[in-house]
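Colleague: The primary structure of each chain is shown beneath.
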Amino acid sequence: MLEYIKGFFELVKGLGITGKHLTKHAVTLQYPEEKDVMPERSRGVVVLLSDKEDGSLNCTSCLLCMKACPTAAIIIDAPRGEDKKKVLKKFELDFSLCCYCGLCEEACNFSALKLTGKYEYSTGNKDDLIWDVHKLQDVGRDVDYVDKRKKKVKKVAPKPTVSEATDEIKPTQSADKIETKPVEIKTDKIKTDKIETPQDKDEKPKTEGEA
Amino acid sequence: MIAVGITVALKEILASFGLSGGLLSVVTYAILASATFGLLSVLALFLVWWERKIAGHMQQRFGPMRNGWHGWYQTLVDGLKLLQKEDVRVATRDKVVFFWAPVMCFIAAFAAYIVIPFGDGLIVADLNIGILYIMAITTFTVISLLMAGWGSNNKYALLGGMRSAAQVVSYEVPMVASILVVVLYAGSLSTVDIVNSQAGNFLNWNIFRVPYGPLAFLTYLVAAIAEANRTPFDLAEAEQELVAGFNIEYSGMKFAMFFLAEFINLFTVSAIAVILFFGGWHGFEFIPSFVWFFLKTFAVVFLLIMIRWTYPRMRVDQLMEFAWKFLVPLTFLNIIIAAIFKHFGWYWEL
Ligand code: SF4
Ligand code: SF4
Numbered sequence: 001m002l003e004y005i006k007g008f009f010e011l012v013k014g015l016g017i018t019g020k021h022l023t024k025h026a027v028t029l030q031y032p033e034e035k036d037v038m039p040e041r042s043r044g045v046v047v048l049l050s051d052k053e054d055g056s057l058n059c060t061s062c063l064l065c066m067k068a069c070p071t072a073a074i075i076i077d078a079p080r081g082e083d084k085k086k087v088l089k090k091f092e093l094d095f096s097l098c099c100y101c102g103l104c105e106e107a108c109n110f111s112a113l114k115l116t117g118k119y120e121y122s123t124g125n126k127d128d129l130i131w132d133v134h135k136l137q138d139v140g141r142d143v144d145y146v147d148k149r150k151k152k153v154k155k156v157a158p159k160p161t162v163s164e165a166t167d168e169i170k171p172t173q174s175a176d177k178i179e180t181k182p183v184e185i186k187t188d189k190i191k192t193d194k195i196e197t198p199q200d201k202d203e204k205p206k207t208e209g210e211a
Numbered sequence: 001m002i003a004v005g006i007t008v009a010l011k012e013i014l015a016s017f018g019l020s021g022g023l024l025s026v027v028t029y030a031i032l033a034s035a036t037f038g039l040l041s042v043l044a045l046f047l048v049w050w051e052r053k054i055a056g057h058m059q060q061r062f063g064p065m066r067n068g069w070h071g072w073y074q075t076l077v078d079g080l081k082l083l084q085k086e087d088v089r090v091a092t093r094d095k096v097v098f099f100w101a102p103v104m105c106f107i108a109a110f111a112a113y114i115v116i117p118f119g120d121g122l123i124v125a126d127l128n129i130g131i132l133y134i135m136a137i138t139t140f141t142v143i144s145l146l147m148a149g150w151g152s153n154n155k156y157a158l159l160g161g162m163r164s165a166a167q168v169v170s171y172e173v174p175m176v177a178s179i180l181v182v183v184l185y186a187g188s189l190s191t192v193d194i195v196n197s198q199a200g201n202f203l204n205w206n207i208f209r210v211p212y213g214p215l216a217f218l219t220y221l222v223a224a225i226a227e228a229n230r231t232p233f234d235l236a237e238a239e240q241e242l243v244a245g246f247n248i249e250y251s252g253m254k255f256a257m258f259f260l261a262e263f264i265n266l267f268t269v270s271a272i273a274v275i276l277f278f279g280g281w282h283g284f285e286f287i288p289s290f291v292w293f294f295l296k297t298f299a300v301v302f303l304l305i306m307i308r309w310t311y312p313r314m315r316v317d318q319l320m321e322f323a324w325k326f327l328v329p330l331t332f333l334n335i336i337i338a339a340i341f342k343h344f345g346w347y348w349e350l
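Each protein sequence line maps, in turn, to chains A and B. Oh and the first sequence: position 62 is 62 in this note's numbering, straight run, nothing missing. Oh and the second sequence: position 340 is 340 in this note's numbering, straight run, nothing missing.
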C-alpha cells in the first residue's frame, strides 16, 4: 500500500517535470523562415573567393587544390596563354563527390578557395551539383576572409612584431590596415616566405574564427 | 434557477409554427442532434490541434505551425485529406462488421451527449438514469473496437480489439464504483440532479469531500483514461507492438471516424468528471454557466493530455493487475467509507 502512495507522488513529480518543459520555449527552429547561424569555421559549400578590391578571382590556376582533393571533386583546366601565363578556362567543383574535408582550402596558398557555412544547395537534378567557376565565384562574393596573399607583404614591412600583435587582437581592423599598405614589395618576397606558410595557416584561421 | 431547458424552449418555439405531436418531437430532437453534432465536430477538431500543440511544447517543439496562426486549422486540413483518401478495404474482411465498426464507434461517442448538461438547462434530455445511460452507451465503443478488430481479419487488429475489450471490462468496475460514491450523495442518477447537489458554495463540489471525494476522482480518472484508450492505457492501439491496433486496416474517412470518436470520448470523460466532481456548470454567477462548464472541462482535458504525454504505456498484465488487485478493492472500500460518512452525516452542505 505504501509503495502505491509513494508511486502516486512519483507520478505527480513526473507531471511536474513535463509541466516545467511545457513552459519553456521550444528549441526547434522554423526552418525556412528561421535559419541557424552556422559557426564561422563550419565546412559547407566550397566557394571561390574574389579579390576584395577589384572583384577578380584570387585563383592563380596552380592546381594545388585539384591535387589535394581526395575525391577528385575539383577539375581545373588552365592551359598557358601566349604570354606563358595560365588562363583559367574551367574550374568545376562536383558537390556530389565533395566530402567537405577542407583539404583544398588548406592546399590553396592564395586565399582563393574557402569552405563556408552555406548549405542550401540541394537539387532534384544531380548535374546541378556540378558548379562552374561563375557559380562558385558568385556564391562566394559575400564571404568574408582573411587574405593570405597580402599578409605576406606585411611580414617584410618595417615593424613586423607590432603589426603581428595588433593582428591577433583586432583581426578585422588590421586586415583593413594591411590592404592600404604598399603592394609593390609583394612579388619580391613571396618565395622567401613560402617556408613559413605552415605557421601562417595555423594562425590565420584562428583569428578568422574569433572575428 | 432558470429551469427552462433548451429542449422545452425549442419545443415551444416550434409549436408556435404549428407543429405538434410526434412530428414536433422529431423536429426538435433533429435540430438538437445537429447542433450537438456540429459543436462536437468543431470540438474534436480543436482538441486534436490542442493536444498536438501541448505535446509539442512539452517536448520543446512547436507542434503544427504551418496552417494559419500556430497551425490552427491543421486538423481541418488533415480531415480534408482523409476525406479525399482512397477507402482501402482488405479483400478478406468481414464486410458487414468492417463497415459498421467505425459508424458504431462514432454513434457511441456522440450518443453520450444526450444527457450531458453543457450549462444550466443546456441539456437535450434530462433522463433520470442519466449517468447509467452514459456508462451503457460509452461501452458501445469497445464493441465497435472489437468489431473493427474482428472485421479487419488482421492479427494486430484482432489483438488490439481483444485487448480493449479486456481492458474496458476490467476498468468498467472501478469506474462505476467511483461514480457510485457521487450517486450516493446526490441521491439520483440524473446528471442534472448530480450537478445541482453540488450547487452553492464551491466547497460543495464532490472533489472537496475529503477523504472519499478526491479518492473517487482519482480512481475515476484512471478508469476514464483506460476507457478512453489513452496512454498509459492505450493498449488497444499500442503503435510499437500492434502497429496501430484495431484501426490498422482502416483508411480515409473510416479512420477519421475512429480518430474523431477518440477525441470526443476524451471530452466526454472530462465532461463527466466535471459533472461528477467539479460541480458541473456551477461557478460565480456573473459568468454564464456554459462558460464555467467548458472552462472546467478543458482543465480536465488538459490534465488528461498532460498525463498522456508524460507516462509510458503499461504492460497488459500490469494493467489487469492494477485494475483487479488494486483499483477494484480501493473503490469498493471508498464506497464503504462514503456510506459511513453519509450515514453519520459527517459532511457539509454549505
Ligand atoms: S573539401 Fe575536400 S573533397 Fe571537397 S573539394 Fe575540397 S578537397 Fe575536395
Ligand atoms: S589551389 Fe587555390 S590558387 Fe591554386 S588552383 Fe586551387 S583555388 Fe586556384
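It is possible that part of the hints are untrue.
To be verified - Dumping the calculated BS3-like pairs for lysine-lysine here, alpha-carbon to alpha-carbon at most 27 Å:
no., chain 1, residue 1, chain 2, residue 2
1, A, Lys-126, A, Lys-52
2, B, Lys-53, A, Lys-35
3, A, Lys-67, A, Lys-86
4, B, Lys-95, B, Lys-53
5, A, Lys-13, B, Lys-95
6, B, Lys-81, A, Lys-13
7, A, Lys-148, A, Lys-135
8, A, Lys-67, A, Lys-35
9, B, Lys-95, A, Lys-20
10, A, Lys-24, B, Lys-325
11, A, Lys-13, A, Lys-84
12, A, Lys-35, A, Lys-148
13, A, Lys-35, A, Lys-126
14, A, Lys-89, A, Lys-20
15, A, Lys-24, A, Lys-67
16, B, Lys-95, B, Lys-85
17, B, Lys-95, A, Lys-6
18, A, Lys-6, A, Lys-85
By construction, these hints were calculated from the structure, which means they are not laboratory data. Remember, predicted model here, so these are calculated numbers, not experimental data.
Colleague: With reference to the structure, classify each hint as holding or not holding.
Modeller: Hint by hint, here is what the structure shows:
At roughly 32 Å between alpha-carbon atoms, Lys-126 (chain A) and Lys-52 (chain A) are farther apart than 27 Å, so this suggested pair is violated. Taken as a hint, the Lys-53 (chain B) and Lys-35 (chain A) pair is honoured in the structure, with Cα atoms around 22 Å apart against an allowance of 27 Å. Simply put, Lys-67 (chain A) and Lys-86 (chain A) have alpha-carbon atoms about 17 Å apart, close enough for the 27 Å limit, and the pair holds. Under the criterion of a C-alpha separation no larger than 27 Å, the hint pairing Lys-95 (chain B) with Lys-53 (chain B) is inconsistent with the structure, at around 37 Å.
Simply put, Lys-13 (chain A) and Lys-95 (chain B) have alpha-carbon atoms about 48 Å apart, too far for the 27 Å limit, and the pair is violated. A hinted pair counts as satisfied when its Cα atoms are at most 27 Å apart, and Lys-81 (chain B) with Lys-13 (chain A) does not qualify at roughly 39 Å. A distance of roughly 23 Å separates the Cα atoms of Lys-148 (chain A) and Lys-135 (chain A); the hinted pair therefore holds under the 27 Å criterion. The straight-line distance between the Cα atoms of Lys-67 (chain A) and Lys-35 (chain A) is roughly 35 Å, outside the 27 Å bound, and the hint therefore fails.
Between Lys-95 (chain B) and Lys-20 (chain A) the CA atoms are separated by roughly 48 Å; this puts the pair beyond 27 Å, and the hint is violated. Of the pairs offered as hints, the one joining Lys-24 (chain A) and Lys-325 (chain B) is violated, with about 39 Å between alpha carbons and a cut-off of 27 Å exceeded. A distance of roughly 79 Å separates the Cα atoms of Lys-13 (chain A) and Lys-84 (chain A); the hinted pair therefore is violated under the 27 Å criterion. Between Lys-35 (chain A) and Lys-148 (chain A) the CA atoms are separated by roughly 30 Å; this puts the pair beyond 27 Å, and the hint is violated.
This hinted pair checks out: Lys-35 (chain A) and Lys-126 (chain A) have alpha carbons roughly 25 Å apart, not beyond 27 Å. Of the pairs offered as hints, the one joining Lys-89 (chain A) and Lys-20 (chain A) is violated, with about 61 Å between alpha carbons and a cut-off of 27 Å exceeded. Under the criterion of a C-alpha separation no larger than 27 Å, the hint pairing Lys-24 (chain A) with Lys-67 (chain A) is inconsistent with the structure, at around 51 Å. Restraint check for Lys-95 (chain B) and Lys-85 (chain B): satisfied, since their Cα atoms lie roughly 20 Å apart, inside the 27 Å limit.
Between Lys-95 (chain B) and Lys-6 (chain A), the direct Cα distance comes to roughly 50 Å. Violation of the 27 Å bound is thereby established for this hinted pair. With a C-alpha separation of about 84 Å, the suggested pairing of Lys-6 (chain A) with Lys-85 (chain A) is violated against the 27 Å cut-off.
Hint compliance for this structure: hints 1, 4, 5, 6, 8, 9, 10, 11, 12, 14, 15, 17 and 18 are not met, and every other hint is.
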